[in-house]
Amino acid sequence: NAGVMQNPRHLVRRRGQEARLRCSPMKGHSHVYWYRQLPEEGLKFMVYLQKENIIDESGMPKERFSAEFPKEGPSILRIQQVVRGDSAAYFCASSPEDAARTQYFGPGTRLLVL
Amino acid sequence: GIQVEQSPPDLILQEGANSTLRCNFSDSVNNLQWFHQNPWGQLINLFYIPSGTKQNGRLSATTVATERYSLLYISSSQTTDSGVYFCAVGNTGTASKLTFGTGTRLQVTL
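Line order of the protein sequences matches chains A and B.
Take the position in the first sequence, starting the count at 1, then add 10; the result is the number in this note's numbering.
Take the position in the second sequence, starting the count at 1, then add 771; the result is the number in this note's numbering.
A few of these clues could be false.
Taking beta-carbon pairs under 10 Å as the criterion, some of the chain B residues facing chain A (in silico) [claimed, not checked]:
no., residue
1, P779
2, Q813
3, I815
No lab work stands behind these hints, which were simulated from the structure alone.
Glycine included, every Cβ here is placed at the ideal spot set by N, Cα and C.
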């Protein structure tokens, strides 16, 4: 069984560019969570999605950040007009419908903004 | 929101030693997970343990939900145990966001 897949694993952007991070949940999982880890810190929740719905976006900055989980395809975390402070590791997690509490994490995307 | 505190923040052990890591949380929880983040940054699930005791090889964990803490025990530590150990909790609904502690950084030396 493939685990949670994230790509790219590393992403370099210049200030002002857009960053798109992709997450494919484990097979059979319909809940997706995005977390951000700043250097030397713990992970902070950003957004929780189910297919085609945003359930909780209380941790996501109101501007420049958006997330989606379409009916077909991976979940996308999009950061517009990136700034240096966006440099971080972005982790995606997924959980299954019938045991929605255990979250399984992907390898993360390391974003570096120059 | 719920607060999660982990102790100690840093720990250095010689190979073969045992250790206990602690996680305190400020409210009742319906989800508690322990993770190991290895030196390459990967997050590895160790335990899902909102209550009770579980064991997996040299690792075991106990959560006393009524007293709002969890313990992770590492026995006969190995250099591959090095990394950061995170406790994360959730307490809103059946599928909820996790709130992470700041972690315990463990270094196991030869």
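Compare the structure with the hints numbered earlier in the document and write down the numbers of the violated ones, lowest to highest.
1
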